[in-house]
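Asks: The residues making up each chain are set out below.
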Amino acid sequence: GIQVEQSPPDLILQEGANSTLRCNFSDSVNNLQWFHQNPWGQLINLFYIPSGTKQNGRLSATTVATERYSLLYISSSQTTDSGVYFCAVGGYKLSFGAGTTVTVRA
Amino acid sequence: DGGITQSPKYLFRKEGQNVTLSCEQNLNHDAMYWYRQDPGQGLRLIYYSQIVNDFQKGDIAEGYSVSREKKESFPLTVTSAQKNPTAFYLCASTPSGEKLFFGSGTQLSVL
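Protein chains in written order, with the numbering used here: chain A, 1 to 106; chain B, 1 to 111.
So that you can see chain B by itself, here it is in the shape it has in the complex (with noise of 0.2 angstroms):
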């Protein structure tokens, strides 16, 4: 089935712990995007590739990292400097800049 997988379900960081979610499209979308969404909240911008081995900063970057080696993936890492990581991740990707489509998202905890 064609879609957006995120990976894991649930994560739990430990204090000072880096930690990586993935996700992997098999849409042959160019576009890829990573957005955060607090208790109550809309969701923000944390980085964006448009193409292979680009992106770029989002509204909240400070703390996380990505890369884009490859068309179908995206992964993120949130690492020890993001102080309040608590939140469900999402991941999304569009063909060209119109219709976002959104994976099934990563909750992450605080241990």
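Same shape as in the complex, but just chain A (with noise of 0.2 angstroms):
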């Protein structure tokens, strides 16, 4: 199967900083999304992105499918941005990464 791996593993940002979450995969893929998992185990989507650059809000995603990785930009950071952020790719079943624990300190 596809081999997802995510960096870093764990980030400790103090509120106000920028970040980037970096995403490398194994093979061609089709589909690439992004996801944050609060505190309380949600799972949020952020961004359906295979390929290209997508922005909402403070968050920015670019993927670059020909070299396979894609980053996930957090500006202007806040508390509530804490959690772990999964990479996730494939077709129509898709494969998770570790993902990054993300922690801002006010």
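Derived from the structure by calculation, the hints contain no laboratory data. Ideal Cβ positions, reconstructed from N, Cα and C, are used throughout, including at glycine. Warning: the hint list may mix true and false statements.
Taking beta-carbon pairs under 7 angstroms as the criterion, some of the chain A residues facing chain B (in silico) [as the list claims (entries may be wrong)]:
no.: 1; residue: 39
no.: 2; residue: 41
no.: 3; residue: 42
no.: 4; residue: 43
no.: 5; residue: 45
no.: 6; residue: 48
no.: 7; residue: 92
no.: 8; residue: 96
no.: 9; residue: 99
Listed next, the in silico DSS-like pairs over lysine-lysine satisfying Cα-Cα at most 25 angstroms (straight line) [claimed, not checked]:
no.: 10; chain 1: B; residue 1: 57; chain 2: B; residue 2: 83
no.: 11; chain 1: B; residue 1: 99; chain 2: B; residue 2: 57
no.: 12; chain 1: A; residue 1: 93; chain 2: B; residue 2: 71
no.: 13; chain 1: B; residue 1: 99; chain 2: A; residue 2: 93
no.: 14; chain 1: B; residue 1: 71; chain 2: B; residue 2: 57
no.: 15; chain 1: B; residue 1: 70; chain 2: A; residue 2: 93
no.: 16; chain 1: B; residue 1: 99; chain 2: B; residue 2: 70
no.: 17; chain 1: B; residue 1: 99; chain 2: A; residue 2: 54
no.: 18; chain 1: B; residue 1: 99; chain 2: B; residue 2: 14
no.: 19; chain 1: A; residue 1: 93; chain 2: B; residue 2: 57
A few chain B residues that don't get close to chain A, going by computed Cβ distances all over 10 angstroms [stated by the list, open to error]:
no.: 20; residue: 17
no.: 21; residue: 26
no.: 22; residue: 109
Could you fit the two chains together into a complex? Lean on the hints.
Replies: As structure tokens, this is what we get:
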């Protein structure tokens, strides 16, 4: 199956800082999504982004499918951004990475 | 409100017992999925269904069973054959294989 690697595994930020999360994958895909899991376990879909760049408020994402990676940018981080960020790739079946745990300190 | 409802929120299983986790969606989505999440890890696919009366095994289907008799419902049974069932179980759905939406999860523990 497709291998998905996320980095860094953990990230500690001061409120207001910017950060970049990375997702590398081992094969061509036509489906790539980013999720945020809050401390209560709820997974929220942030982006469906098999290629190109998208922005949603303080979050943006870029996928370079030919080079098999995607980046998630968090700008002006807030404490509510804390949680685990997952990248998932594939087609109809999605394979998830192990996640990046983000802690934003006030 | 439209959404995906999982119940119960917490479930306890005794040795040798089968338990069933419920997943209902009123989003009119065709495809539904079950994932398992262990502490500190990503999600692993158990089963998925693209249409009613059809489903496929995911990466870790052993010890689990599902049914898809109605479009809105996709229950998961954790059988006694699953020797390590303690985990957080997440149900998801998608209208067309694109954006995936998740329920709030069921935490299953063994007594």
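Asks: Now, for every hint given, state plainly whether the structure supports it.
Replies: Against the structure, the hints come out as follows:
no., hint, in the structure
1, 39, "violated, 13 angstroms"
2, 41, "holds, 5 angstroms"
3, 42, "holds, 5 angstroms"
4, 43, "holds, 4 angstroms"
5, 45, "holds, 5 angstroms"
6, 48, "holds, 4 angstroms"
7, 92, "holds, 5 angstroms"
8, 96, "holds, 4 angstroms"
9, 99, "holds, 6 angstroms"
10, B:57 / B:83, "holds, 18 angstroms"
11, B:99 / B:57, "holds, 21 angstroms"
12, A:93 / B:71, "holds, 19 angstroms"
13, B:99 / A:93, "holds, 12 angstroms"
14, B:71 / B:57, "holds, 18 angstroms"
15, B:70 / A:93, "holds, 21 angstroms"
16, B:99 / B:70, "holds, 21 angstroms"
17, B:99 / A:54, "holds, 14 angstroms"
18, B:99 / B:14, "violated, 36 angstroms"
19, A:93 / B:57, "holds, 11 angstroms"
20, 17, "holds, 24 angstroms"
21, 26, "holds, 18 angstroms"
22, 109, "holds, 14 angstroms"
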